[in-house]
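Protein chains in written order, with my numbering: chain Y, 113 to 360; chain V, 29 to 402.
Careful, some of the hints might be misleading.
With the C-beta cut set under 8 angstroms, the calculated list includes, among others, these residues of chain Y facing chain V [claimed, not checked]:
hint : residue
1    : L171
2    : R190
3    : M216
From the structure, some residues in chain V lie toward chain Y, with a derived Cβ separation under 8 angstroms [stated by the list, open to error]:
hint : residue
4    : L192
5    : F195
6    : D198
7    : F199
8    : R201
9    : L205
10   : S251
11   : M255
If you're looking for bench data, these hints aren't it; they were derived computationally from the structure.
Quantities reported herein were computed from a predicted structural model and do not represent experimental measurements.
Note that the Cβ used here is the ideal one computed from N, Cα and C, for glycine as well.
Here's the letter readout for the chains.
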Amino acid sequence: MSDLHEPQFALHVEDLTVTYGAEPALWDIDLDVPPGVMAAIVGPNGSGKSTLIKTVLGLVTPVAGHIRLFGQPIGRMRKRIGYVPQRSTVDWDFPTDVLDVVTMGLYGQLGWFRRPGARERDKAMGALRAVGMQDYARRQISQLSGGQQQRVFIARALVQEADLYFLDEPMAGVDRPTEDIIIALLKSLRDQGKTVIVVHHDLSTVEQYFDWLVMLNTRIVAQGPLIDTYTPENLRQTYGHSAALIRG
Amino acid sequence: MGALLASQIVQTVVLGAALLGLISGALGAFALLRGQSLLGDTVSHAALPGIVLGFLVAGGRDLGAILTGAALSGGLAALAVIAITSRTRLKPDAALGVVLGVSFAIGVVLLSHAQGQSGAASAGLSAFLFGQAAATLRSDLWIMGGLALVALGILGLIWKEAKLASFDPDFARVIGLPVGRVQAVLTVMVALAIVAGLQMVGVILMVALLIAPAAAARQWARSLGAMVLLSMGFAVAAGVIGALISAGARGLATGPVIVLVATGFVVLSMLCAPERGLLWQALARRRRARNLRSDQVLGTIHALSRAHDDPDYPAEQGMLRLEHRAATDAALSDLTARGLVRETTHAPETTPHWQLTPKGHARAEALEKGGRDA
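All chains, full assembly: derive it from the sequences and hints.
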């Protein structure tokens, strides 16, 4: 707590550069997200949205850069972070059921050699109720629809009881009711003072869902409160000319 | 059979095959789920040069030296695959193919060299190609038993970490599990399982004893624990049955027989397992098609009765058949059995007629509202 006069950002990134091969995926990123907001990271395909949160979470090693979560390096903050990866990154034919997957959210807190028990199952059931999946607890995950898979992933992040949530395209390919449930949940997390950072691909819902915006196209184009950043000029700079049409 | 089991050689073989099944079944399940089947094949082929070098260094058939050599050269091959995949633009399957081919070629060259040099003493070496159950010694059982104990013990200790690192490694990393180390332990144990089976199953087919039982188990299991236990069961059964056949009919190479038995389990499971089995799915499809046809016939009778404003309207069977351009007998007897229609006559006609029961009306109306689950 030495630097009390520096505002404590939920996420603070300085001079971050990531390359895949010779191509830069992220170039000289400076980013600050204050606590208690619901932030969207938007940008065209290949603009580095997923890479950004994967690097912040330590899944991708940057060439250069400095990352702090609530002023701390990621290694000390793992128990306060919730993560929802893209659905397509796992094998949904894995032999397990819905309740078991949600319980996995507690493995980090359990520690070595301890198996989840009744307490963990109760917590997982609570999270399943929150996403409206309590009747599917014993369903094989191979039998879920895309929207149901996503809700299971959200429930797994909920049991983490984190302060800072990262979600990678949680609304991609899900049905309307699922999207509504997810957004309502995320907003209630934000209202409890948690910070929610979402990689988002659908510009038509940005204004409706989020209050903070990060516009990315390998470099940061704009960041800040939605009202200040969601402008035609910024959209044009992020997406090129085609995007001017999107914001009717 | 009784005489066969009384023989000490056969007892040794059966015990060895069972121990091997425990190891390869458990780790095979993880190898299959993590997409490492082909890595297993490469490690097992690459064990051959180590086997021959172990033999040459020890100056005879010393299982400890041979297995150490096998583990080292198999491990080296696995590292080579990882290095090629991460350092070059070769795709993993190409890296696996290259390493498998090169190391097996080196193994065969070394093998022919050793056989040319020491003749009779090295004759047993070629048994490592296809496995030879009868060559198993009592003392070998201690090695295999120790391996089984260690492998299953480690798996039990890191169970939940191994599960999450296999299902969703990114998430596991984010919550702070040492995913790299867990995966390395799993991969090393897969390599050990392969090495343990080389004598009995041989380098060429060992991967089948790793993967086939796991593939069969996947068809039945609804949890990872069930899959691992079933896979162990299939592998033990395949090992014991195959080793017995091989030991009973002298001269049959053990590896291929064990693999054929294991493949039999796979075929059976692919066909018969509930939900995932092909037969089960075909039956379910037929059931769905029949239900659909029944619903259609029910709908037709319902429409006719409404058109005639008569809830008991008797529909003529021949007309129903014309309407649906198909035999309706099966659908009508299905509907009768479910109490939705009943057969009736409509004097003076003598042909069979059908009318809806109150239950039939209720279901037809529910179907009209689009309630598929009605």
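Is the interface hint for F195(V) satisfied, with its Cβ closer than 8 angstroms to some Cβ of chain Y? The hint holds - F195(V) has a Cβ within 8 angstroms of chain Y, the shortest such distance being about 5 angstroms.
The hint names M255(V) as touching chain Y; please verify it with the least Cβ-Cβ distance against 8 angstroms. 5 angstroms, holds
Restraint check, 8 angstroms cut-off on beta carbons, for S251(V) near chain Y: Given a least distance of 6 angstroms, the restraint on S251(V) holds.
If you take the shortest Cβ to Cβ gap from R190(Y) to chain V, is it below 8 angstroms? OK, holds: R190(Y) within 8 angstroms of chain V, min 4 angstroms.
The hint names L205(V) as touching chain Y; please verify it with the least Cβ-Cβ distance against 8 angstroms. 7 angstroms, holds
Under the criterion of a CB-CB separation shorter than 8 angstroms, is L192(V) in contact with chain Y as hinted? Interface hint status for L192(V): holds (5 angstroms vs cutoff 8 angstroms).
R201(V) as chain Y interface residue, shortest Cβ-Cβ below 8 angstroms: Since the shortest Cβ distance to chain Y is 6 angstroms, the answer is holds.
Given hint D198(V) near chain Y, where the shortest CB pair must fall under 8 angstroms: 5 angstroms, holds
Does the nearest C-beta of chain Y fall within a distance shorter than 8 angstroms of the C-beta of F199(V)? 6 angstroms, holds
Should the hint that L171(Y) touches chain V count as held when the rule is a Cβ pair under 8 angstroms? For L171(Y), the interface hint holds, since the closest Cβ of chain V sits about 6 angstroms away, which is under 8 angstroms.
Agreement of hint M216(Y) with chain V interface, Cβ distance less than 8 angstroms: 5 angstroms, holds
Violated hints are absent here; each numbered hint is respected by the structure.
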